[in-house]
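Sequences listed follow chains A and B, in order. Residue numbers 423 to 886, in our numbering, belong to the letters of the first sequence in order. Residue numbers 423 to 886, in our numbering, belong to the letters of the second sequence in order.
Any given hint might turn out to be false.
What the hints assert, rightly or not - Covered stretches of chain B, as calculated for chain A (at least 3 residues, CB under 8 angstroms):
1) 542-548
2) 766-772
3) 806-814
As the list claims (entries may be wrong) - Now the in silico label distances, taken between C-beta atoms and shown as ranges:
4) A:Gln-837 with B:Pro-847: 54 to 60 angstroms
5) B:Asp-709 with A:Glu-516: 53 to 59 angstroms
6) A:Ile-667 with B:Arg-875: 37 to 43 angstroms
7) A:Asp-460 with B:Arg-505: 50 to 56 angstroms
8) B:Pro-847 with A:Asp-460: 24 to 30 angstroms
9) B:Thr-507 with A:Gly-520: 25 to 31 angstroms
10) B:Ser-821 with A:Asp-822: 38 to 44 angstroms
11) B:Arg-875 with A:Asp-679: 26 to 32 angstroms
Honestly, the hints are just simulated from the structure, not real lab data. Cβ coordinates follow ideal geometry from the N, Cα and C atoms, glycine included.
Protein chains: 2
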Amino acid sequence: MASQSEQPHLPLPAGDIGLLTDFYELTMAQSYFAEGMDGEATFSLYVREYPPERGYLVAAGVDDALDCLTALSFNDASVDYLRDTGVFTEEFLEYLRGFRFTGSVRAMPEGSLFFTDEPILEVTAPVIAAQLAETIVINQVQYQSLLATKSARCVMAAEGRPLADFAARRTHGSEASLRMARASYIAGFGATSNVLAARRYGIPPTGTMAHSYITSFDDEAEAFRAYARRFPDRSILLLDTYDTIDAARIAVDVAKDMEANGHRLTGVRLDSGDFDDLSRQVRRILDDAGLDYVRIVASGGLDEYELDRLVQGGAPIDMFGVGTRVGVSADAPYCDMVYKMVCYDGRPVMKLSAGKSSLPGGKQVFRQYDAHGRMAGDVIALEDERHESAEPLLALAMSDGRRILPPSPIDAARQRVADGLAKLPDQYRKLRAPARYPVSVSAGVQRLETQIRGDLSAGRSQGA
Amino acid sequence: MASQSEQPHLPLPAGDIGLLTDFYELTMAQSYFAEGMDGEATFSLYVREYPPERGYLVAAGVDDALDCLTALSFNDASVDYLRDTGVFTEEFLEYLRGFRFTGSVRAMPEGSLFFTDEPILEVTAPVIAAQLAETIVINQVQYQSLLATKSARCVMAAEGRPLADFAARRTHGSEASLRMARASYIAGFGATSNVLAARRYGIPPTGTMAHSYITSFDDEAEAFRAYARRFPDRSILLLDTYDTIDAARIAVDVAKDMEANGHRLTGVRLDSGDFDDLSRQVRRILDDAGLDYVRIVASGGLDEYELDRLVQGGAPIDMFGVGTRVGVSADAPYCDMVYKMVCYDGRPVMKLSAGKSSLPGGKQVFRQYDAHGRMAGDVIALEDERHESAEPLLALAMSDGRRILPPSPIDAARQRVADGLAKLPDQYRKLRAPARYPVSVSAGVQRLETQIRGDLSAGRSQGA
Numbered sequence: 423m424a425s426q427s428e429q430p431h432l433p434l435p436a437g438d439i440g441l442l443t444d445f446y447e448l449t450m451a452q453s454y455f456a457e458g459m460d461g462e463a464t465f466s467l468y469v470r471e472y473p474p475e476r477g478y479l480v481a482a483g484v485d486d487a488l489d490c491l492t493a494l495s496f497n498d499a500s501v502d503y504l505r506d507t508g509v510f511t512e513e514f515l516e517y518l519r520g521f522r523f524t525g526s527v528r529a530m531p532e533g534s535l536f537f538t539d540e541p542i543l544e545v546t547a548p549v550i551a552a553q554l555a556e557t558i559v560i561n562q563v564q565y566q567s568l569l570a571t572k573s574a575r576c577v578m579a580a581e582g583r584p585l586a587d588f589a590a591r592r593t594h595g596s597e598a599s600l601r602m603a604r605a606s607y608i609a610g611f612g613a614t615s616n617v618l619a620a621r622r623y624g625i626p627p628t629g630t631m632a633h634s635y636i637t638s639f640d641d642e643a644e645a646f647r648a649y650a651r652r653f654p655d656r657s658i659l660l661l662d663t664y665d666t667i668d669a670a671r672i673a674v675d676v677a678k679d680m681e682a683n684g685h686r687l688t689g690v691r692l693d694s695g696d697f698d699d700l701s702r703q704v705r706r707i708l709d710d711a712g713l714d715y716v717r718i719v720a721s722g723g724l725d726e727y728e729l730d731r732l733v734q735g736g737a738p739i740d741m742f743g744v745g746t747r748v749g750v751s752a753d754a755p756y757c758d759m760v761y762k763m764v765c766y767d768g769r770p771v772m773k774l775s776a777g778k779s780s781l782p783g784g785k786q787v788f789r790q791y792d793a794h795g796r797m798a799g800d801v802i803a804l805e806d807e808r809h810e811s812a813e814p815l816l817a818l819a820m821s822d823g824r825r826i827l828p829p830s831p832i833d834a835a836r837q838r839v840a841d842g843l844a845k846l847p848d849q850y851r852k853l854r855a856p857a858r859y860p861v862s863v864s865a866g867v868q869r870l871e872t873q874i875r876g877d878l879s880a881g882r883s884q885g886a
Numbered sequence: 423m424a425s426q427s428e429q430p431h432l433p434l435p436a437g438d439i440g441l442l443t444d445f446y447e448l449t450m451a452q453s454y455f456a457e458g459m460d461g462e463a464t465f466s467l468y469v470r471e472y473p474p475e476r477g478y479l480v481a482a483g484v485d486d487a488l489d490c491l492t493a494l495s496f497n498d499a500s501v502d503y504l505r506d507t508g509v510f511t512e513e514f515l516e517y518l519r520g521f522r523f524t525g526s527v528r529a530m531p532e533g534s535l536f537f538t539d540e541p542i543l544e545v546t547a548p549v550i551a552a553q554l555a556e557t558i559v560i561n562q563v564q565y566q567s568l569l570a571t572k573s574a575r576c577v578m579a580a581e582g583r584p585l586a587d588f589a590a591r592r593t594h595g596s597e598a599s600l601r602m603a604r605a606s607y608i609a610g611f612g613a614t615s616n617v618l619a620a621r622r623y624g625i626p627p628t629g630t631m632a633h634s635y636i637t638s639f640d641d642e643a644e645a646f647r648a649y650a651r652r653f654p655d656r657s658i659l660l661l662d663t664y665d666t667i668d669a670a671r672i673a674v675d676v677a678k679d680m681e682a683n684g685h686r687l688t689g690v691r692l693d694s695g696d697f698d699d700l701s702r703q704v705r706r707i708l709d710d711a712g713l714d715y716v717r718i719v720a721s722g723g724l725d726e727y728e729l730d731r732l733v734q735g736g737a738p739i740d741m742f743g744v745g746t747r748v749g750v751s752a753d754a755p756y757c758d759m760v761y762k763m764v765c766y767d768g769r770p771v772m773k774l775s776a777g778k779s780s781l782p783g784g785k786q787v788f789r790q791y792d793a794h795g796r797m798a799g800d801v802i803a804l805e806d807e808r809h810e811s812a813e814p815l816l817a818l819a820m821s822d823g824r825r826i827l828p829p830s831p832i833d834a835a836r837q838r839v840a841d842g843l844a845k846l847p848d849q850y851r852k853l854r855a856p857a858r859y860p861v862s863v864s865a866g867v868q869r870l871e872t873q874i875r876g877d878l879s880a881g882r883s884q885g886a
């Protein structure tokens, strides 16, 4: 099956994307329009603080955000609706009717590791366009990056055991379920149960059977046999509908019959109870019957912490189905990702709000490596600074409203996460209380900040 | 503006909905198909355990789930994709190509209060169709109910002060942002900042201004004046870009100039810092200038716990913008909502998995009221039981794949939540450690359960 990841899959009809915005973006835009303020602005997307226990973040949703910007427009229904609010002028509504995003975007590629305060992307555009981009850009990048990060943590905890995304039913809607499948695959999962995601993104689909399948037959053995008959080379039998250990013995009988017909039972699945204890008991039952090739799959309530406990404890589980807790990034369902103006009309700007101040000016992030190729620290610098021996992370992705860099093929993004995690020293990858990865601010940014703070306290004018 | 809530807004193209399912639903379906198992099955959607601190839940997403079932089908891209997996027979693929959901659904109306173990909806359909409905039904109802519940808790905490949904940028995708606006409005919020949601659902749009607006002007006063000039009767000035108290004094000057021109400043917004302290200082500054009509809006990091603290502490805040924490139901981003087979081919069934057993048989939920009209306890009964003095909550919503009951207009759903909360005694509505609302299981269900458990332990056959 060819990957279909190159096709954009907008989360909304293109003509509706313009309205997927906060009302104030439109009132501010009308004010800019009326004041004749069409200066170019640069906005920076970054995370202020790590969610609990996170020492790194994985960028995802960047390509969706860029697809949305490319398509951002206002259809008739939207323009008519805005007119009916009575808040907007005809001139401004006409402007919106013809609106296309004509800005440029520099961005980290999908799957990049990033850290707090580092711009993941920067939009430079006439101020109205840059402002109208805010809501949809944060909306797409924030949660997808959280899901990719949570998934990457699971991959680390599983230490090579394959993981599958089982989250479809518990994500926040169908769009989120598709992006969860994609984000978890990028982070290193091997498969998804979400068939539409598998089709759209070219991810291997996977699945076993549900309790309802078992209960719709007269007994468990009959259900197992019916399934094995239909899928003789890809049957994973669910053991916990009535009693897991009894079911394991029935699975042995079924597997023996399959052997007699030249087939092999692929696996059995545990979905409740004490996975450590049950997996050992079931492994023994299988092994005693000479079925050492039958794999044990566990699912239900898993996250990186539980995976770590099972893997470190030596539970003989070969594969994990990971759902709910990862699909909503349960211990960190949101983070403080913001989109802040850093430059207006050639003038670097910043806000000083308590605990929420921003770094002024358009920027570049430089990544430094040690002699062994391991990540040694990032520098947040001004866009035009040069750091010869370091890797610049933001690349021009969009210019004049058109994609310059094509979207990352999903396998390229997946490789990028794997490479990043391999280069990130252990102390920053720990599941709990990771060390803080060194991110410094260049002398250029610091000088600019000092200068603006001085100007502001002198005259409440934030000009550089 | 007329409400557009009657139009269905499918989260996905109709022909893609069939594949928004877990892969095992399709492999099980193929097995049923091959075995000639076309018996009618009933599945029940319910929540096993309350999320932390919840004493009630608000049903939302039921109408979206029904819209998805009405549209559930497999387009050519989906059928071709399934063929390419090599797992499915041509006969089964042909069946899917012509598939339409022809079952019936009994459901609680949108906005109903419900409790653990109570079916929110029950699907009765040929087993394949009932099974294929699982993923999308849970996917739509679970998170929307969580968002409506979290929002209702905010409404209780705000004690009459208006709330606005500011969550668009931090929900899990655009679909979730639209449903958050809808769920929070149903729960009693007064407005949303999400303009597309406002258009689609007929919710009043609202908004103020962003920090970037302030920083794009030479100084704060100039920004305030430009906005007030454009929106002389709906300006809410953001105070915390540089220093909240300084900005309040500037806002006073602007408001005085507006008065001179026959206009009134609507409000000021606090977005960071200690809201209790700042709101008192800002109120004093405004009142001292004779601007007692200028309202104070607070936003940033709010949830029901923080709203409760501010309201009980007497902070002079007139309106709240509620975003991130409510838009992802941060302290409970998922719950244990499941869809379980309770009847197959006329035979009640149940699963016994540790901590996850289900109640057998198709059901009705009856709500009892005391002499004062307050909710006094629910009874989970068999579908054909009668409880004369109690209110049955599940109504036939869909028959033969067609809607019998039209979707609830959004205002009707909103009224239903308000009525339900008004009738729910205080001890169950508390924000923390609420009492457990009495939900009992009828003698009929209990008899059936005892009988099936006996049959199962006797013969590992779960027939009734």
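Structure-based check of all given hints:
no.	hint	result
1	542-548	violated (count 0)
2	766-772	holds (count 4)
3	806-814	violated (count 0)
4	A:Gln-837 with B:Pro-847: 54 to 60 angstroms	holds (58 angstroms)
5	B:Asp-709 with A:Glu-516: 53 to 59 angstroms	violated (43 angstroms)
6	A:Ile-667 with B:Arg-875: 37 to 43 angstroms	violated (18 angstroms)
7	A:Asp-460 with B:Arg-505: 50 to 56 angstroms	holds (53 angstroms)
8	B:Pro-847 with A:Asp-460: 24 to 30 angstroms	violated (58 angstroms)
9	B:Thr-507 with A:Gly-520: 25 to 31 angstroms	violated (45 angstroms)
10	B:Ser-821 with A:Asp-822: 38 to 44 angstroms	violated (54 angstroms)
11	B:Arg-875 with A:Asp-679: 26 to 32 angstroms	holds (29 angstroms)
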